[in-house]
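Visitor: Read off the chains here:
2 protein chains.
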Amino acid sequence: MSILVVGSVAFDNISSPAGHVENILGGAATYFSLAASYFTNVRVVAVVGDDFSAEHEAILKKRNIDTLGIERAPGKTFRWGGTYSDNLNEAKTDFTELNVFEKFQPRIPKEYLDTRFLFLANIHPTLQAAVRLEMNGVRLTGGDTMNFWIQRTPKELAETLRLVNVLLINDTETKMIAGESNLPRAAKKVLALGPQALVVKHGEYGATIFFREGAFGVGTHPFRAPALPIDEVKDPTGAGDSFAGGFMGYIASQGEINREVLKRALFYGGVMGSFAVERFGTERLQNLSRGEIDARFQLFRELTHLE
Amino acid sequence: MSILVVGSVAFDNISSPAGHVENILGGAATYFSLAASYFTNVRVVAVVGDDFSAEHEAILKKRNIDTLGIERAPGKTFRWGGTYSDNLNEAKTDFTELNVFEKFQPRIPKEYLDTRFLFLANIHPTLQAAVRLEMNGVRLTGGDTMNFWIQRTPKELAETLRLVNVLLINDTETKMIAGESNLPRAAKKVLALGPQALVVKHGEYGATIFFREGAFGVGTHPFRAPALPIDEVKDPTGAGDSFAGGFMGYIASQGEINREVLKRALFYGGVMGSFAVERFGTERLQNLSRGEIDARFQLFRELTHLE
Chain A
1 MSILVVGSVA
11 FDNISSPAGH
21 VENILGGAAT
31 YFSLAASYFT
41 NVRVVAVVGD
51 DFSAEHEAIL
61 KKRNIDTLGI
71 ERAPGKTFRW
81 GGTYSDNLNE
91 AKTDFTELNV
101 FEKFQPRIPK
111 EYLDTRFLFL
121 ANIHPTLQAA
131 VRLEMNGVRL
141 TGGDTMNFWI
151 QRTPKELAET
161 LRLVNVLLIN
171 DTETKMIAGE
181 SNLPRAAKKV
191 LALGPQALVV
201 KHGEYGATIF
211 FREGAFGVGT
221 HPFRAPALPI
231 DEVKDPTGAG
241 DSFAGGFMGY
251 IASQGEINRE
261 VLKRALFYGG
271 VMGSFAVERF
281 GTERLQNLSR
291 GEIDARFQLF
301 RELTHLE
Chain B
1 MSILVVGSVA
11 FDNISSPAGH
21 VENILGGAAT
31 YFSLAASYFT
41 NVRVVAVVGD
51 DFSAEHEAIL
61 KKRNIDTLGI
71 ERAPGKTFRW
81 GGTYSDNLNE
91 AKTDFTELNV
101 FEKFQPRIPK
111 EYLDTRFLFL
121 ANIHPTLQAA
131 VRLEMNGVRL
141 TGGDTMNFWI
151 QRTPKELAET
161 LRLVNVLLIN
171 DTETKMIAGE
181 SNLPRAAKKV
191 LALGPQALVV
201 KHGEYGATIF
211 FREGAFGVGT
221 HPFRAPALPI
231 DEVKDPTGAG
241 DSFAGGFMGY
251 IASQGEINRE
261 VLKRALFYGG
271 VMGSFAVERF
281 GTERLQNLSR
291 GEIDARFQLF
301 RELTHLE
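Protein chains in written order, with this note's numbering: chain A, 1 to 307; chain B, 1 to 307.
Hints may contain errors.
Said to hold, decoys possible - Pairs of lysine to aspartate or glutamate residues, derived as EDC-like cross-links and limited to a Cα-Cα distance of at most 20 Å, are as follows:
| id | chain 1 | residue 1 | chain 2 | residue 2 |
| --- | --- | --- | --- | --- |
| 1 | A | Lys189 | B | Glu232 |
| 2 | B | Lys189 | B | Asp171 |
| 3 | A | Lys188 | B | Asp171 |
| 4 | A | Lys189 | B | Asp171 |
| 5 | B | Lys188 | A | Asp231 |
| 6 | B | Lys263 | A | Glu307 |
As the list claims (entries may be wrong) - The calculated label-pair distances, taken between Cβ atoms and stated as ranges, are:
| id | chain 1 | residue 1 | chain 2 | residue 2 | range |
| --- | --- | --- | --- | --- | --- |
| 7 | A | Lys189 | B | Ala58 | 39 to 45 Å |
| 8 | A | Glu260 | B | Glu97 | 50 to 56 Å |
| 9 | A | Thr172 | B | Gln105 | 33 to 39 Å |
| 10 | B | Glu134 | A | Lys189 | 51 to 57 Å |
| 11 | A | Gly214 | B | Arg301 | 20 to 26 Å |
| 12 | B | Met1 | A | Glu232 | 54 to 60 Å |
| 13 | B | Ala192 | A | Glu307 | 26 to 32 Å |
| 14 | A | Asn64 | B | Asp231 | 41 to 47 Å |
If you're looking for bench data, these hints aren't it; they were derived computationally from the structure.
For each residue, glycine too, the CB sits at the ideal point set by N, CA and C.
Please model the complete structure; the sequences and the hints are all you need to start from.
Guide: Okay, here's the thing in structure tokens:
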């Protein structure tokens with residue numbers, strides 16, 4: 001089954017203890033698409049500027065990603081610069097130039113309207129909701145958000161959360177939405193706002209999926225997937241979006257959606273996140289094989305499973 | 001097989017969002033002993049003051065813990081007061097009165113000298129080393145330490161690390177010993193200082209065990225165990241020592257020591273830590289059954305294992 005992602009395409013400048021790169025292709029939709037492309041057909045709705053060249057597009061095309069929904073607007077593509085110090089968990093933003101992304105109004109090509117799986121990457125919640133409402137036949141919607149929207153547009157976000165089946169956010173965002181410092185309690189509050197399942201990403205400690213009672217199966221037992229202990233994290237940019245791409249891409253590739261599929265999807269999310277951080281930008285995600293992915297999945301299993 | 005723990009017995013005042021308690025029995029050796037007592041026979045070497053009553057001793061005796069090695073010294077028992085705010089991961093120390101613990105010189109009763117498993121809880125590394133050297137027949141030594149010794153007595157600590165088979169510390173301590181901010185690299189450096197295995201405790205995210213090449217098995221693949229998402233953490237005091245008690249106690253109860261045993265021990269560590277935090281002080285650890293422990297072990301398995 002195809003999956004549609006709506007989100008940002010960007011050019012990034014990134015500094016980390018491992019080096020420095022400039023003007024490399026990034027953005028949530030890019031990381032998501034590349035990661036998901038190893039599991040299913042991917043369609044992208046995004047906006048880019050005049051500086052988005054055929055070579056940039058070729059990065060996506062090479063992975064068979066459908067770029068029909070990438071709108072070209074006059075002006076420059078969204079640009080972001082960030083620096084990671086020794087603590088690679090957090091970036092210091094050096095600059096943000098929204099450029100053409102500032103007025104982004106997602107337009108869904110009619111060829112995309114039959115897409116059954118949808119991922120709403122981190123954009124204004126009102127845009128997320130509008131996209132979801134336009135996509136009538138969607139079977140499962142995943143979504144992301146961030147502290148900016150949680151604080152500035154709580155009402156709009158609440159509307160969107162009612163339309164999202166699986167929300168993927170981090171610990172801080174979960175606690176911020178819920179106004180609650182205990183994670184399982186915060187998760188319960190977030191689930192009460194709409195989503196059937198909540199994936200909380202813990203960075204280097206993996207991720208936990210919480211279920212609403214009765215959603216995708218029986219009971220409310222959560223499930224945890226690890227992250228891989230990695231000797232050299234070169235660039236954590238896009239790890240969360242790559243996680244979402246692996247998670248949603250795997251789900252879209254399966255006939256059924258049940259707890260066991262969602263649990264395996266959580267592992268595949270971790271797997272794709274672990275590849276993303278091994279090189280700068282999307283480099284590692286551009287040249288994987290399904291064999292490498294499955295070998296790493298096996299590594300994640302050995303990392304957590306008793307005999 | 002019996003296990004001997006050397007460490008502190010204390011009286012604690014604890015405040016958390018869930019309430020306040022005063023003068024309750026605590027200390028690393030107490031939490032460790034109670035947790036380990038569900039798996040094996042436990043012997044304790046510690047020092048207490050005049051205020052340590054028969055009722056306090058009865059808490060240990062009831063769990064069949066051998067208290068012969070608990071020395072009574074004139075004066076007061078070690079006292080500690082701490083407050084947890086909404087973020088239950090870290091305590092603010094309200095007061096520390098070392099009292100009789102200040103001059104603690106562990107004396108091993110001759111009846112204990114044949115003990116095959118040893119846990120050196122967090123005390124001065126020179127005392128830890130002296131105990132280990134006195135115990136000739138020891139098969140496996142576990143150890144703990146803290147930032148205070150890492151910073152103040154690095155040479156003494158280095159001596160002790162050569163005598164410890166499994167070191168159990170947290171992320172910050174691991175990175176501090178290694179002078180390295182990447183966890184897997186830091187773990188490798190710590191293992192190069194002596195221990196065959198290193199257990200890094202991640203608080204609410206569980207724990208990872210790293211192995212030195214060839215130690216207890218083949219290869220260097222780490223293993224991760226989860227922590228249980230808990231709706232109400234009443235009191236995190238002693239969670240790490242309870243973890244160590246479950247971990248070491250389980251190992252001591254097994255005939256063989258191999259990777260699979262150490263992995264299961266990591267799960268049992270998490271299990272005992274999860275019980276400890278559900279009530280103030282050692283309350284929950286005093287009244288468990290092996291059935292409850294095994295049911296929770298099963299919960300940990302379901303939390304992490306794919307079909």
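Visitor: Take the C-alpha atoms of Lys263 (chain B) and Glu307 (chain A), compute the straight-line distance between them, and say whether it is at most 20 Å.
Guide: The given pair, whose Cα atoms are some 9 Å apart, holds under the 20 Å limit.
Visitor: Given the proposed pairing of Lys189 (chain A) with Glu232 (chain B), does the C-alpha separation stay at or below 20 Å?
Guide: Since the Cα atoms of Lys189 (chain A) and Glu232 (chain B) sit roughly 14 Å apart, the hinted pair holds (cutoff 20 Å).
Visitor: Using the C-beta atoms of Glu260 (chain A) and Glu97 (chain B), is the stated range 50 to 56 Å upheld?
Guide: Cβ of Glu260 (chain A) to Cβ of Glu97 (chain B): about 54 Å, so the range 50 to 56 Å holds.
Visitor: Holds or violated: 20 to 26 Å for the Cβ distance of Gly214 (chain A) and Arg301 (chain B)?
Guide: Because 23 Å falls inside the window, the suggested range holds.
Visitor: With respect to the beta-carbon atoms only, verify the hint that Glu134 (chain B) and Lys189 (chain A) lie 51 to 57 Å apart.
Guide: The hint (51 to 57 Å, Cβ to Cβ) holds, given that Glu134 (chain B) and Lys189 (chain A) are roughly 54 Å apart.
Visitor: Straight-line Cα separation of Lys188 (chain A) and Asp171 (chain B) no greater than 20 Å?
Guide: 28 Å, violated
Visitor: Cβ-Cβ distance between Asn64 (chain A) and Asp231 (chain B): within 41 to 47 Å?
Guide: Since Asn64 (chain A) and Asp231 (chain B) have Cβ atoms about 44 Å apart, the given range 41 to 47 Å holds.
Visitor: Just to be sure I understand the hint, the distance between the Cβ atoms of Met1 (chain B) and Glu232 (chain A) should be within 54 to 60 Å; is that true here?
Guide: 41 Å, violated
Visitor: Just to be sure I understand the hint, the distance between the Cβ atoms of Thr172 (chain A) and Gln105 (chain B) should be within 33 to 39 Å; is that true here?
Guide: Distance hint for Thr172 (chain A), Gln105 (chain B) is violated at roughly 46 Å.
Visitor: Quick check: does the Cβ-Cβ distance between Ala192 (chain B) and Glu307 (chain A) fall within 26 to 32 Å?
Guide: 29 Å, holds
Visitor: That 39 to 45 Å hint for Lys189 (chain A) and Ala58 (chain B) (C-beta), does it hold up?
Guide: 42 Å, holds
Visitor: Is Lys189 (chain A) close enough to Asp171 (chain B), meaning Cα to Cα at most 20 Å?
Guide: The hint is violated at about 30 Å.
The structure fails to meet hints 3, 4, 9 and 12 from the earlier list, while all remaining hints are met.
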